[in-house]
Amino acid sequence: MRCIAVNVQPMAKIDQMNDRILRALSRDGRISNLQLADEVGLSPSACLRRVQELERSGVIKGYRARLDPVLTGRAYVVYVAVGLSEHTKAAQTGFEQAMAYADEVTECHNVAGAFEYMLRVEVADLPAYKAFHTETLGTVPHVRSITSYMVMGSPKDVRG
Numbered sequence: 001m002r003c004i005a006v007n008v009q010p011m012a013k014i015d016q017m018n019d020r021i022l023r024a025l026s027r028d029g030r031i032s033n034l035q036l037a038d039e040v041g042l043s044p045s046a047c048l049r050r051v052q053e054l055e056r057s058g059v060i061k062g063y064r065a066r067l068d069p070v071l072t073g074r075a076y077v078v079y080v081a082v083g084l085s086e087h088t089k090a091a092q093t094g095f096e097q098a099m100a101y102a103d104e105v106t107e108c109h110n111v112a113g114a115f116e117y118m119l120r121v122e123v124a125d126l127p128a129y130k131a132f133h134t135e136t137l138g139t140v141p142h143v144r145s146i147t148s149y150m151v152m153g154s155p156k157d158v159r160g
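Just so we're aligned, residue 1 is where the sequence shown starts under UniProt numbering, counting upward by one.
Take these hints with a grain of salt, some might be off.
With a Cα cut of at most 30 angstroms, we get these calculated DSS-like pairs of lysine-lysine [said to hold, decoys possible]:
1) Lys89 to Lys130
2) Lys156 to Lys130
3) Lys130 to Lys61
4) Lys13 to Lys89
5) Lys156 to Lys13
6) Lys89 to Lys61
Label pairs and their in silico Cβ distance ranges [stated by the list, open to error]:
7) Gly73 to Lys13: 20 to 30 angstroms
8) Arg64 to Tyr101: 15 to 25 angstroms
9) Leu48 to Arg144: 16 to 26 angstroms
10) Glu96 to Ser32: 34 to 44 angstroms
11) Ile146 to Leu48: 44 to 54 angstroms
Derived by calculation from the structure, the hints in this document are not laboratory data.
Since we're looking at a predicted model, the values are computed, not measured.
The C-beta atom is built at its ideal place from N, Cα and C for all residues, glycine as well.
Could you put together the complete structure from these sequences and hints?
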């Protein structure tokens, strides 16, 4: 029997106060420390220490801007289930590298189930998606099946 040592960073303690801080920052990553402290019921210095520890420990990976999909030309969202013809590491690596270069693909997940990958694709409109489907996705080796799910509305979307 072989044992492999894995270097795992200890998880930061997510107590009730840290959870409140994380929820507030998820809603508004630009909130001032003073406003955040007031919202969660801490002194500004205690709040800042907690936020810095959450950042240092990797719980908070960063901050980003939410963009308007209409104004950025990415309002047409499609989830795409992709099946591969071969279940080899080389086929997966090749597919993942191709998706890394595809600007239209905003998320690429290797999943378990009836297909190998679930993509989130954001483009301007149906003709732009058809071009991506045909000229990008359709030319990747080992792609066996492509099933597209057009988003008609998003009543809940809490991605940052």
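* State the violated hints by number, sorted upward, taking the hints as numbered earlier in the document. => 3, 4, 7, 9
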